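Counted from 1, the sequence shown has number 100 at position 81 by this note's numbering; the numbering is strictly sequential.
Not one of these hints is a red herring.
SDA-like cross-link-like pairs, simulated, lysine to any residue; straight-line CA separation at most 20 Å:
| no. | residue 1 | residue 2 |
| --- | --- | --- |
| 1 | 28 | 55 |
| 2 | 185 | 215 |
| 3 | 28 | 81 |
| 4 | 306 | 343 |
| 5 | 95 | 68 |
Estimated spans, in silico, between C-beta atoms of each pair:
| no. | residue 1 | residue 2 | range |
| --- | --- | --- | --- |
| 6 | 228 | 337 | 37 to 45 Å |
| 7 | 28 | 129 | 12 to 20 Å |
| 8 | 300 | 210 | 45 to 53 Å |
Keep in mind that the hints were calculated from the coordinates and are not lab data. Since we're looking at a predicted model, the values are computed, not measured. No residue lacks a Cβ here, since even glycine has one placed at the ideal position from N, Cα and C.
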Amino acid sequence: MNEYYSNQKLSVIIPTLNEADNIKELVSRLVTTLTPCTKEYELIFIDDASSDKTVYEINKLTARLPVSVHPKSGEKGKSFSLIEGFNLAKYELLAMIDADLQYPPEALKQMLGKIIDEQADIVLAHRHKHYEGYIRKFGSKINGYINKHLFGFNYDVQAGLKLFKKETFKKMNFKKVGPWTFDMLFIFQARQLNYKVSMVDINFDKRIHGKSKVNFIKVGFEILAFAIKLKLGYFLETKIKLLNKLWVRQFIKFSMIGVLNTLIDVGIYFILIRSIHFFLVNFILAKAISYIIASINSFIFNRRYTFKSHNTSWLYILPFMSVGAIGLIINVSILDLLVRVAGLNQLYSVIIATLAVLSYNFLFSKFYIFSNSKKK
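Could you build all of it, start to finish, from the sequences and the hints given here?
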């Protein structure tokens, strides 16, 4: 290791929630990696009210190692844990790593090299190989698609292993961050500030101990909504009066839930046909199951979040699904009419048909299915 590397001082922030079985190995691997690579380092654990022995396991190490643990003082969520940790850090290089051992601590050595040799401001771990379940793989691909096509990011934005200069963090604004959107907001602002971003390929391993605390549907919806909000610009929420109208807010929520449930529909379908041979042969049944699950999820989300119609009877789920099925027929009919009869470009035809059916579904849902919505 170059002597210049070993002159670096590094603060590593580790958010925790019930990771007692992983603490000892994680710290051991971090110490083995960082001791020859840095002049000084510190490992800062931010614990989000763990109910197991996580804090106890960390405290056993504080007497002989540069390790500290701090109870979360702010809101629940990984983003807020990271921000609290970065504000406590005393060194000019900051790193973040999840405590579940799915990200290799050893990658920090190569990432430090990128900061020094390539003069990078930020280095991201890129999950080159995934050893994880179908659902998480699917979620990662969706995140990648959103980041690439909405923002033009060609790197693994949501990876839980990052290394960067403290000055980059200090120049950013995290007032609008959500529980799981630190990564997207961080990289979005980094690009606005013209910081140099580099990557290091890693293997993303299976979790061995403990259970994931991530609700992938909830987190996916949060990230998707936040991505759209970023793309449109922060000013939309406060500067455009139209967004203050109830029906516009509802239409936006309805549209985002529609996108989310389309992804759920497709995801469940491919999981069924690829993991269970019966459904590979009976793919129509697999599609019916995925459509029903996605429709039920759409009903729940729209009932609770879009229209806040807590009094709507569950019996309305059948009309809700029927409206969706009719919408599909209308979509195909409009598309066929525009392309074959009117001779319109296919892309424009798809956009017009989709907007027409989206409006149809929204109006029926608002004024019939959820007509007793609370006006909030």
